[in-house]
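Chains as they are written, first to last, in the numbering used here: chain A, 87 to 294; chain B, 87 to 294.
The hints are simulated quantities; they were obtained by calculation from the structure and are not laboratory data.
Because the structure is a prediction, the values reported are computed rather than measured.
As the list makes no split between identical chains, a pair holds if one copy fits it or if it spans any two.
Straight-line distance between alpha carbons at most 25 Å, and here's what the computed SDA-like set of lysine to any residue pairs gives:
id, residue 1, residue 2
1, Lys179, Gly195
2, Lys122, Ala97
3, Lys179, Val206
4, Lys179, Ala215
5, Lys179, His192
6, Lys179, Phe202
7, Lys179, Glu240
8, Lys179, Glu155
9, Lys179, Leu253
10, Lys179, Gly114
11, Lys179, His241
12, Lys179, Leu276
13, Lys179, Glu199
14, Lys179, Ser112
15, Lys179, Ala214
16, Lys179, Asp113
17, Lys122, Ala147
18, Lys179, Thr242
2 protein chains.
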Amino acid sequence: MSPRRAPRPPATREEIVAAARSMVVSDGVDALSMRKLAAELGLAPTAIYWHVGDRDELLHAVFEAMLAELPTVRATGRTPRVRVAAVARAVRKQLIDHESLTALAHTLGRSAEVAFPAQVTLAREVSAAGLHGRAAERLVRSILFTIGGLTLLEHTFSEEPSHTPSLWSHLHDPAIDLGLLRAMRAPADLDALFEHTLDALLTAAFAA
Amino acid sequence: MSPRRAPRPPATREEIVAAARSMVVSDGVDALSMRKLAAELGLAPTAIYWHVGDRDELLHAVFEAMLAELPTVRATGRTPRVRVAAVARAVRKQLIDHESLTALAHTLGRSAEVAFPAQVTLAREVSAAGLHGRAAERLVRSILFTIGGLTLLEHTFSEEPSHTPSLWSHLHDPAIDLGLLRAMRAPADLDALFEHTLDALLTAAFAA
DNA sequence: ACCTGAACACCGTTCAAGT
DNA sequence: ACCTGAACACCGTTCAAGT
Chain A
87 MSPRRAPRPP
97 ATREEIVAAA
107 RSMVVSDGVD
117 ALSMRKLAAE
127 LGLAPTAIYW
137 HVGDRDELLH
147 AVFEAMLAEL
157 PTVRATGRTP
167 RVRVAAVARA
177 VRKQLIDHES
187 LTALAHTLGR
197 SAEVAFPAQV
207 TLAREVSAAG
217 LHGRAAERLV
227 RSILFTIGGL
237 TLLEHTFSEE
247 PSHTPSLWSH
257 LHDPAIDLGL
267 LRAMRAPADL
277 DALFEHTLDA
287 LLTAAFAA
Chain B
87 MSPRRAPRPP
97 ATREEIVAAA
107 RSMVVSDGVD
117 ALSMRKLAAE
127 LGLAPTAIYW
137 HVGDRDELLH
147 AVFEAMLAEL
157 PTVRATGRTP
167 RVRVAAVARA
177 VRKQLIDHES
187 LTALAHTLGR
197 SAEVAFPAQV
207 TLAREVSAAG
217 LHGRAAERLV
227 RSILFTIGGL
237 TLLEHTFSEE
247 PSHTPSLWSH
257 LHDPAIDLGL
267 LRAMRAPADL
277 DALFEHTLDA
287 LLTAAFAA
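Given the sequences, and given the hints that come with them, work out the whole structure.
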């Protein structure tokens, strides 16, 4: 009978983290403001601080929520080399699919935690392939750094107004092979580059 | 005779850009605030806007000043393969030495411009080595992406409280080679990883 | 236990007004 | 031509006070 709206139930920490997460996912880390978040939840800006520590702690909470949901990568294929390659590809796909997680991990300095499970899976396959010690380490690490680096760059370049092609199209240099020059004028195919580098690393590891 | 200090001469655009640059170099892009910069120069915050457009334009001006001073990389060595490797190493060293430039380029979306001269030098050496078309393109691009990615990651990981080693030291997994496990517990040697990946790429390119 | 409001110390930016 | 001051619309955060 009372025309007054029932007062909104007390906000929970989970609710706040979830709202923050959706802001981070849709508009990026920088777009998360405590004041906008509070407005979204119908709270005074200062109320947030009662539930989570501060903006930094909130971001860490969002990160952990995302990390917990990350599916584990699995190896497929018959030969050792094929299985290692499959894991590498799966990890790369995962990083691309969970772009907000990698971006957040990067700003929080927690990339290592994101990479760890993949690293372990890779280490198992490399061991199963018969590699040991330093040689095994080199393969695991170089694959993971290739994946991480390329994905970071991919993210970088997707923001850039494809600038290099135009730089290349203004260049005429007799010291550069004409076919190479023409190829450089087109945008890079990062998937192909990844496959190529991966293949080079696998060949180097399995040849010896 | 006048006890009054002579009024400060009008500020120049170059002066402002230089001051901004030194703030960026010493404390990072995020630390550059228009108000702090103005204070440093003894100006009202709003005076800056008369000389440079806004914060973004100022950052671009700082970037261009840095880029103009970047020395060009040169190839050394006798055999084609050695020369290509030398260029790659020189580029990597340059990126590491000019960390503020690469960081700034990254936030402004102008990494391609930083990479371009290096890419041209590499293209010349690869051409001189007798590679053509797509194969040459693959080598140039994979080397540059390896350098860029690894350097980006290096910067990332230097900020992280070496987290992965501790993750690895708590792991006991019979499916992982013991020597590999032990190796993963130590921090990664990025220089060695770079050399290894570079070598794998060069071998792949020059074997065919 | 949970929340508000006032307050503080920061931002970038515009614009009219001063010299 | 060059600069100031007031003003606006934002931030994150603390803390006393309210229910």
